[in-house]
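A.B. asks: Numbered continuously in numbering that gives the first Met the number 0, the sequence shown closes out at residue 88.
Each hint should be verified, as a subset may be incorrect.
[Said to hold, decoys possible] Calculated cross-link-like contacts (lysine to aspartate or glutamate; reagent style EDC-like; alpha-carbon spacing at most 16 Å): (1) 82 <-> 51; (2) 82 <-> 68; (3) 25 <-> 37; (4) 64 <-> 51; (5) 25 <-> 68.
[Said to hold, decoys possible] Here are the simulated distance ranges between beta carbons: (6) 30 <-> 79: 27 to 37 Å; (7) 19 <-> 60: 14 to 24 Å; (8) 30 <-> 80: 27 to 37 Å; (9) 22 <-> 67: 12 to 22 Å; (10) 49 <-> 17: 31 to 41 Å; (11) 20 <-> 80: 16 to 26 Å; (12) 80 <-> 32: 24 to 34 Å.
No lab work stands behind these hints: they were computed from the structure. Idealized CB from N, CA, C, for every residue including glycine.
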Amino acid sequence: MTGQQQQQQFQRFRVGDARSYLDQVKLQFGNQPQVYNDFLDIMKEFRSQTIDAPGVINRVSNLFKGHPDIIVGFNTFMPPWYKIEVQAN
Numbered sequence: 000m001t002g003q004q005q006q007q008q009f010q011r012f013r014v015g016d017a018r019s020y021l022d023q024v025k026l027q028f029g030n031q032p033q034v035y036n037d038f039l040d041i042m043k044e045f046r047s048q049t050i051d052a053p054g055v056i057n058r059v060s061n062l063f064k065g066h067p068d069i070i071v072g073f074n075t076f077m078p079p080w081y082k083i084e085v086q087a088n
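Using the sequences and the hints given, assemble the complete structure.
C.D. replies: Below is the structure:
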């Protein structure tokens, strides 16, 4: 498998992971649709480069406070060097 094929395969996995994560967020906050909508707004700002990676990490961590599985799942969207880790209390 060439490097380009490996990259394409990795991107397909990431797209699938991202869709799964969005479904997980929507399910988790089904009774709080504003949280899901706020998350989508944060992602739009990140994609348009209105906010940087540390900014998006901060906002997502605050938005999903109390839901460590959702916070850690956000790593799907981030490069490995911006990995979010939740501290155990």
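A.B. asks: Look at each hint and say if it fits the structure.
C.D. replies: Cross-check of the supplied hints:
{"no.": "1", "hint": "82 <-> 51", "verdict": "14 Å, holds"}
{"no.": "2", "hint": "82 <-> 68", "verdict": "13 Å, holds"}
{"no.": "3", "hint": "25 <-> 37", "verdict": "11 Å, holds"}
{"no.": "4", "hint": "64 <-> 51", "verdict": "20 Å, violated"}
{"no.": "5", "hint": "25 <-> 68", "verdict": "14 Å, holds"}
{"no.": "6", "hint": "30 <-> 79: 27 to 37 Å", "verdict": "33 Å, holds"}
{"no.": "7", "hint": "19 <-> 60: 14 to 24 Å", "verdict": "20 Å, holds"}
{"no.": "8", "hint": "30 <-> 80: 27 to 37 Å", "verdict": "35 Å, holds"}
{"no.": "9", "hint": "22 <-> 67: 12 to 22 Å", "verdict": "18 Å, holds"}
{"no.": "10", "hint": "49 <-> 17: 31 to 41 Å", "verdict": "20 Å, violated"}
{"no.": "11", "hint": "20 <-> 80: 16 to 26 Å", "verdict": "19 Å, holds"}
{"no.": "12", "hint": "80 <-> 32: 24 to 34 Å", "verdict": "32 Å, holds"}
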